[in-house]
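Chains as they are written, first to last, in this note's numbering: chain W, 1 to 198; chain L, 199 to 659.
Everything labelled a hint here was simulated from the structure, so no lab data went into it. Please note that a few of the clues may not be correct.
To be verified - Listed next, the stretches of chain W that the computed footprint assigns to chain L, with coverage defined by at least 3 CB atoms under 8 Å from CB atoms of chain L: (1) 92-99; (2) 115-127; (3) 145-155; (4) 177-183.
Stated by the list, open to error - Straight-line C-alpha distance at most 35 Å; calculated DSBU-like pairs for lysine-lysine: (5) L:LYS532 x W:LYS18; (6) L:LYS532 x W:LYS36; (7) L:LYS532 x W:LYS108; (8) L:LYS290 x W:LYS123.
Stated by the list, open to error - Computed, partial: chain W to chain L, Cβ under 10 Å: (9) MET11; (10) ASP41; (11) SER46; (12) PHE47; (13) LYS72; (14) THR74; (15) HIS142; (16) SER169; (17) PRO186; (18) GLU190; (19) GLY192; (20) ALA194; (21) PRO195; (22) VAL196; (23) PHE198.
Bear in mind the structure is a predicted one, so any value in this text is a computation, not a measurement. No residue lacks a Cβ here, since even glycine has one placed at the ideal position from N, Cα and C.
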Amino acid sequence: MSNINGKVYAMNAITPMKPWKTWILRLIFFVLGHVKSLQQDLINLSFIEFARWVVVPRGGFPQLGNGQEPEKLTYDYLLFFSNFNGTWNQYIDAFSAVLFKGLDLIWKWSEKFPGSVPVTIFKEYIGRVQFDTDYYFTAYPHATANDLKAAHSVQASFDDLRSRAANLSGPEFADAYLNFVLQVQPYLGETGEAPVVF
Amino acid sequence: MSKLNETDIQGFVLRGYNLPFGRYIFIHFKNPDRAVVLISKLLPMITTGQRWDNGKPPSTVNIAFTHRGLAALALPDATLLSFPVEFQQGMKKRAEILGDTGRNAPERWDAVWHGDEVHAWLGINGLTAEALETCCSQVRALFAETGGAIELAAQDAVSNMVNGQQTGKEHFGYTDGFGNPDYLGIERNSQPGHGKQLPDGSWAPLATGELLLGYADEAGELPIAPIPHILASNGTFMVYRKLHQNVATFRKFLDEQSANYGGGREKLAAKLIGRWRDGTPLELAPDAPDQSIVKDPTRNTNFTYGADGAGTRCPIGAHMRRAHPRDAFGFNGKLIDRRRITRRGQTYGRFVPEGESASDAEDRGVVFMVLNANISRQFEFVQQQWIEYGNDAKQGNDKDPLIGNHGGHGKFVVQGDRSASNPPLICGHLPNFVELRGGDYFFIPSITALGMIAMKLVDPR
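Next comes chain L alone, as it looks inside the complex (with noise of 0.2 Å):
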């Protein structure tokens, strides 16, 4: 496969900026002509997938779209109807299929989200907190400039902060971000483990088409897309979900649990995701974590678990496990080529160092952005059949135990052996250790297709 048109596609689809400020600001479209001025004049602004050679940049913008959005801006009916259902729908209608209920459920997000308001996404990155404000300044100037837009409301994230550090620890303190998968064609530091498994047990990039749409996927097809196809191709669907962290909850369970539990506390938070916090696969060090393994690209993501069948080092309901399960439901992974999903995620709120008090009612989780060509074979299905449900993983109703709506009712069962610090536990109750904010399903256009919105040159045919 030759390679990508890297300037085609937004740069937020193609990496992770892994720039620690971060705003993702939620605009409503009054008028479809004031709107598309609004758009040709970010249209300069938007980040591409272009490499960056001098280093990163200050600061990077992109843009994405609701099906709302996209009729605000007036694009035709034909276009309009040829987008997928789910993308139609909005992801508040298939709360029931995603399990958005109870203590997730629509009515319980944020206001924002409360009306049909939110017509498209702007985030924005910076490399410095005055980076991110200057850059927001200039985008905010456009809305007034143009009245293209009015501002709904406007979410901050920042990396957290350990000892005046950068890090990937999200507010439980698991260093995340390590299963992203690799695509053909996109650049990128390569390592075994991400992509698919062959079925000699080396790793692969998967097709372009399970990220990118119009491009051939797993199955030899091009990805449900929308027409016309320059307006679909190197665009991509984004699912936000704002992911509030009861971190009080967590660290009490933890203490109660580990209390009557020979492993012992961290050996407790692994076993709930399938990682020590620090990162260490269960699977590669079952026993305590290790830098080493961590630090080594060639190994931190280089496992499977066909030989843990019984879940005895990586339990089989870890959240690891179920959201990425490799070859564990056997056909060397084939079942789950076409289920995978590319997260990008950014904390927002103050991280409390664990010893210090931490309430579940301040305001702080992960903002979960997932890329994926098909939100309904891929993101929907892993939520609702891999983190809802169990049964793929021989679980039957249990859900995923760190991320799951458990309401209070959840199990999880650790898998242990016959020694004494790697018992088996069944943790009954379990509560919300996360609980969902909002959100809604997003359309990443290509730098053409915004272009050819920009331009209202949009034509079904």
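Bound conformation, chain W alone (with noise of 0.2 Å):
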């Protein structure tokens, strides 16, 4: 069991929410959903596979029956639920620093958020909420986002080469691949083992 498998980080976190608050959230999340240019700077942020929240009403568990009771909450839950590259420090000093006014706007509503500034109290916050990851699996534990990216861009340069190069003369091919060159050039990193965590 860990968070991290290769060069990917697995991030849990469950806060709740007072029910009245999770409309106010509700209606944050259709606004963010449907103005994409609010999402930019967490897209901007290119460790970051993948980042997600979803609100869990109280009446929302699962209740499988066999005798388990009905739980009666009091709160609704809001799951985050991300994956990204470099280091736990990282993410969050990152978070803290560039995404702290989006943050707040949907981690307010939770009981006892610190705010995302200053980062050390919501490091500690996020500490205590996270929930470690049970299993994990990734398809590509040597790549990061950034990596799987880059070889998209490689591949398509490539095949677009590929397609031309037989109807091609020399003077033709040696301009295409000149060409070809150029485009893949930033992207030819080399993949392999991810940095000791720290």
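Dock the two chains into a complex; use the hints.
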């Protein structure tokens, strides 16, 4: 059991909300979901593979039968789930440094949320509400999101060159090959082992 | 912010002395009672950050301690345990984190680092070789007089001379020392490109707490610091790394790779680091060095990478672009403002001009010293994530071409364009141009803190 698989870290955080506040958050999610420009900063953090917030209403927990009593929950819950590359500290530092307004908007409805700035108290909060990962499958443990995007770019350029190569004369191929190299030259980093966690 | 109390801060922290002769003496404390007597006798000799209104002094003395050294001085356990974990562990135990493995592994370091004997670092600099010797004799006489310390080793350093002139050039021929950050409250001839970039594109000093303990940092918090507060305040942490330079390997690499590179040998040397060897930034002058830029403080650090996303001027993986990415990761540089370090470096060994034969076996390199408030967040992060790894720069596992621990397996992509003089180039099988020969993490206390240590007045509460 580990939150880390190769170059990827999986973070789960679950925070309780008073039910009347859940409606405010739902409205905020509606706006954030429909105004793409508001998501841009999150998308631009290139070490984040995935980030999602989900409201789990207090009546929405599964009841398996077999004598399991229905629970009477006082709070709704906000589940945050993210996969990212790099260190836990780096991730939260970056959130606090550049996404603090968005984070506060989403999390301020949760109980005891201290704000995403200053970062030390924010980290303590995340530490308290984080649930460790039981099982974690990663298709490419030796690759980051950047590595995967780079590989797609290289593949697309290569496929394009290959499809045209047979019909090119020598000089034309030389030119097409140079074009290919210029297209892929920012995307040639190695994949491999992740740095030691610290 | 008001001015700092410069007389309470060791001078080495506030400014690079730029004195040509240096010696770093590593000492071991045998007995805490005698050691504190030594410190009290050294105290009046310690160079503070007070301004030099009458020019540079003939020599300077500064002192810093390892965690073991502070323990050997019998500081209270509650204080010792309050230091940041990475400082308590020391650099050797952090080798895996830092990528100090293989050719850079601690087993290959100089003998002085093999035990855990080093308790303190005495940094002595001189305007002349004679002044350095005089000062060292005075310090060493105190070792003998007090019986407070034994000398384990001394590392000499001397600025490289070219045509009889002191230069800022290191052994590969690069002009060094452009990019140290500015900090709030520290007097310095500030120039654009130092400090942090603001959303409007202008530059401002970093928060004082990125360098000094006891002040707010870029996150608006006080850096993690030992107790009591007065022991930590106005102090900082130093990373000492002796970096051996394989000059023969470096020159052979340039010869071989430039034979297939339309840009030529000098441009290839520039692409490795991001500046021409005379110091001209590639971002500002991609085609040829330009001394008018180097000499102009409003220009020589005043550039960004945003318009060069493809790296056709300064390669994406170049040393300088990794170590100080400026705006390269977006967000107006906001992601890097808490990863900045201040560098104090001095060359050691004989400088061999191009054209004369050099051997890797000869003892030469750079004594590389980093100052930062938080070793883990600043130096260790830069070393692990940006030097020995490349994901933030979108270069995968590729390492810093110049100082990476490649072990013969490194790769460096020089991005280019369609012009014959700036073609793309992929260099494979990179060797270690630089090898680590030892070092440790040190605490540089304030003058007040030194006095407390000397008088055995450190109380954790």
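Exercise. Quick one, are LYS532 (chain L) and LYS36 (chain W) close enough, alpha carbons at most 35 Å?
Worked result: Within the cut-off at roughly 22 Å; holds.
For this session: Please work out if LYS290 (chain L) and LYS123 (chain W) have their alpha carbons no farther apart than 35 Å.
Result: OK: LYS290 (chain L) and LYS123 (chain W) at ~28 Å, within 35 Å.
Problem set entry | Stated coverage of the stretch 115-127 of chain W by chain L [criterion: 3+ residues, CB within 8 Å] | Coverage by chain L holds for the stretch 115-127 of chain W (4 residues, Cβ < 8 Å).
Exercise. Hint check: is the beta carbon of ASP41 (chain W) less than 10 Å from a beta carbon of chain L?
Worked result: holds (8 Å)
Problem set entry | Per-residue hint verdict: HIS142 (chain W), partner chain L, C-beta under 10 Å | HIS142 (chain W) check passes; min Cβ-Cβ to chain L is 8 Å, inside 10 Å.
For this session: Confirm or reject the coverage of the stretch 145-155 of chain W by chain L under the rule of 3 or more residues with a beta carbon closer than 8 Å to the chain's beta carbons.
Result: Held - the stretch 145-155 of chain W has 3 residues with a Cβ nearer than 8 Å to chain L, which meets the minimum of three.
For this session: Report holds or violated for the interface hint on THR74 (chain W), using the least CB-CB distance to chain L and a cut-off of 10 Å.
Result: violated (34 Å)
For this session: Please verify that hint: LYS72 (chain W), Cβ, nearest Cβ of chain L, below 10 Å or not.
Result: It is violated, given that the least Cβ distance between LYS72 (chain W) and chain L is near 40 Å, above 10 Å.
Exercise. Within the stretch 177-183 of chain W, is the number of residues with a Cβ closer than 8 Å to a Cβ of chain L three or more?
Worked result: With 3 residues close enough to chain L, the hint holds.
For this session: Mind checking the CB of PRO195 (chain W) against every CB in chain L and telling me if the closest is under 10 Å?
Result: holds (5 Å)
Exercise. Has the given pair, LYS532 (chain L) with LYS108 (chain W), been kept, meaning a C-alpha gap of at most 35 Å?
Worked result: Holds - the C-alpha atoms of LYS108 (chain W) and LYS532 (chain L) are around 23 Å apart, at most 35 Å.
Exercise. Within the stretch 92-99 of chain W, is the number of residues with a Cβ closer than 8 Å to a Cβ of chain L three or more?
Worked result: holds (count 5)
Violation of the numbered hints given earlier is confined to hints 9, 13, 14 and 16; the remaining hints are satisfied by the structure.
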